[in-house]
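Using the sequences and the hints, build the whole thing.
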Amino acid sequence: MTIRTLRDYGQHYRPRMACLKNVEVFVVEMQDPKSGVKGADQKLNVTIIPHVINGQDVLAWIVTKMKVTTEEAQAFGTMLVAYGYIYPLQNHRKLVLVPDSTLYRFQTPYFWPVQKWPAEDIDYAIYLARRNIRKKGMLEPYEQQHYDNLHKWMNPKWDFIVMQATEQYKANKERKKPDRVVLDCQERAYWIVHRPPRRTHSAMDYGLDRLIDPNAEEVLTFDVVRRTNIFLTQALMRSAVKSSVSLTAFVKFVTTHHNHDPFLTTPVPSNPWITDSDEFWQLNSRSVDIPTKLSVERWVLSFWELISDPRGRVDFKLFLKKEHSAENMAFYEAAEEMRWGAASAIPEKSQFIFNTFLKPGAPRWINIDGRTMGLTVKGLVVPHRYVLDAAQTHIFLLMKKDTFYRYLKSPVHKDMQKRALVPAPHVFTDAQLEANVRNRNPGISPILQWQQEEEEKAAAAVAARPIDVKAMVATNKLDRK
Amino acid sequence: MNSPPHFICTPFSLMACQGLASGETLKSLKAESETLRKKLEEERKKLHDVELEKVAEKAEALGELNMKTRRTLKGHGNKVLCMDWCKDKRRIVSSSQDGKVIVWDAFTTNKEHAVTMPTTWVMACAYAPSGCAIACGGLDNKCSVYPLSLDKDENLAAKKKSVAMHTNYLSGCTFTNSDMQILTSSGDGTSALWDVESGQLLQSFHGHSADVLTLDLAPSETGNTFVSGGSDKKANVWDLRSGQNVQSFDTHDSDINCVKYYPSGDAFASASDDSTCRLFDLRADREVSIYSKDSIMFGAASVDFSLSGRLLFAGYNDYTINVWDVLKGTRVAILFGHENRVSSLRVSPDGTAFCSGSWDNTLRVRQEGRGVGRELKQGGTTLYG
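Protein sequences, first through last, are from chains U and Y.
So that you can map any letter, position 384 of the first sequence is 384 in UniProt numbering, and since no number is skipped, the others follow by simple counting.
So that you can map any letter, position 266 of the second sequence is 266 in UniProt numbering, and since no number is skipped, the others follow by simple counting.
I should point out that these hints are in silico values taken from the structure, not numbers from a laboratory.
All values reported here derive from a predicted model rather than from experimental measurement.
Even glycine gets a Cβ: it sits at the ideal position worked out from N, Cα and C.
Careful: at least some of the hints might be erroneous.
Derived pair list, reagent style BS3-like, types lysine-lysine, alpha-carbon separation capped at 25 angstroms [what the hints assert, rightly or not]: (1) U:K67 / U:K38; (2) Y:K89 / U:K457; (3) Y:K152 / U:K252.
Quick partial rundown of chain U residues pointing at chain Y, CB under 10 angstroms, derived from the structure [stated by the list, open to error]: (4) T78; (5) N172; (6) I307.
Right, dumping it as structure tokens:
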């Protein structure tokens, strides 16, 4: 087990433990002589220890004070023990709250986490040395390891450490036995929290330090203030919406999606995670012939829902093909590809898009207004990934406001609504469920699926290319004989 | 054609850096700041005509939720720091403190790929939209992309590509709508957009005054913004194209550990060390709801919404997961089971389950279930029904 040296990865500042402030207030209330947890004197190995509480009382008190269930109170109580606000007297290494007659004591505020944090190695060395002086061989194996390591790393300071340890040991001997026992317990509890034994974790483990000091006052130079002013001016210019409007929109969204949320409405035929049958995923996949009714209902909600669902997009493209306006969707997809694609592909893609969609007389010429067309073509001279934004937005809005509604009224869609499946909910017997667990379908690897989709796309691209009449004549395809 | 410009600079940052004009002092600028802030507050107050609780009265109450652990994924040797779902709704990538990144098929609980990073504390991992690659990074200050292969024996580290380069630890990463771009956030206070193929920086986002701890990309149809949360208690919304900070929210009392967009893209939730989760309305430009309870005193580490946006799942540092009713602001359920902090929590892409990764080295997939199933012990992995 390694010692926690200051591992400097350039991080310097501890994350804030704001939570402990509230916990401390709570613990103080717990110790209130009138309304807090009732403590009593307890005899432990010949000595009488004052203010001992038992786990059951603590739990009951938390339940009443916080008005929570026993389970939650138990979890919170365990956190109190884990952080060292309460420590167990007997099984001192197990930092949990056991709701029976197990004995605990409140930790003295001197040893509270925030007071002495982080726990210094030198203090630990003094503590271990003192225990060694008191009785050799009393250290646990993990403590012995720590001790040996510290002895190696802190060798120059070792004389000081031994001297401190001896002083403390002598001072301790002067004390009365009960006080000594109590102090020992407290200190031992403190070190269990901050230097946990093997294979246990410390609640004080917060992960990594922060790089920038979150407590430092931000240095307000003139450019920072000016930037803030610009930001505020822009924020003022931006129009915000009334709360009633936006909040109603949230409620509406939740209500319309209620039936589609597997946490609120049991999915049909069944939730794959519960019954171990992946039929739900198979019925909603991209390549399925007939989609489920729930999917179709979801497509109706908005244009975005329609094209976000791969199966829905397939349906929409089918409709567009019938309407002979497939170039809009093709352009949208091509523009998306350019926007989110690799930087090196931009010149080639922009050339392709220009030739296919924008050039006068292009085979799949899209119908956008003159101004947008002009801007786009001009921008394509030095293409960047956002050059098609204006045209793309125009086409998207066109599809959203016009084509989508025609799609909803179209025979393609109405037909699909009629044919859509309502799968029967699964009713598995226990034996069947166990069989399902054993025979879980590994499914297709997403890599294979992606490859399939790419092949399909390539085939579609070939099919969409304009027909070269001369080539067809050359290969005698048009010959009627 | 000329080579495309990759960096899009705004005139505003240039304006800000110019020297003080005549008649301007730091004091006068600060005073201007104050007046602008007050004016903005007034404007926003005028639009604040109703609270979420009032509007949510129309919504029907939720029934009792009974969530159970359906899968426990054991295999990490150390704290699980981050996880992400694949678009196929069943695969998960998770990263841990000891540098291991594992790709699981959570449905069968099989491990499909494992990569050992040359660094510890892999705090960020993401699955590519195509399902063909993963990205991860942490204390190495880099974000690396590993293309996945069908060959189980292939050494994935051979094809690794270093994409992002920050000056301090990587706290979050996500692919945009394709495999070709990555958005990263770092402890050095910046976020950045990178081109995967060339490793080039496409846009950087400056504005946080402390470590940036989390980020999330907007799901809306325009998909042009993302939100980031930091150690400076602020949550900022950025425009991908211009690199500008378009909105800022600073009502939290402590570090923001996680931000997630609402499914419609018009709001986002944040989880913070001050033990609260909050919902921020982007259109009305204000905080609309606080999810907190007196009995919850420990910091929230991770949040995510259910598919309809009605439920908010939050993982806390006291080892529990609380489920909140987003509209009514009440807690619907509390889930136990983890033996250490819940570090990351995500709902699957089709909303059928959610997975929580914890510092107790395990990941748990949980779902709503009313009395279906039974328990079956199978070779070391316990499955709960």
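If you draw a straight line from the CA of U:K67 to the CA of U:K38, is it 25 angstroms or shorter? holds, 19 angstroms
Hold the hint about U:N172 up to the distance rule: shortest CB distance to chain Y must be less than 10 angstroms. Check failed: Cβ of U:N172 comes no nearer than 35 angstroms to chain Y, outside 10 angstroms.
Between the alpha carbons of Y:K152 and U:K252, is the straight-line distance 25 angstroms or under? violated, 47 angstroms
The hint names U:I307 as touching chain Y; please verify it with the least Cβ-Cβ distance against 10 angstroms. holds, 9 angstroms
Hey, does the U:T78 contact hint survive, CB to chain Y under 10 angstroms? U:T78 check passes; min Cβ-Cβ to chain Y is 8 angstroms, inside 10 angstroms.
Y:K89 and U:K457 were given as a pair; does the straight-line alpha-carbon distance stay at or below 25 angstroms? holds, 22 angstroms
Hints 3, 5 from the earlier list are contradicted by this structure; the remaining hints agree with it.
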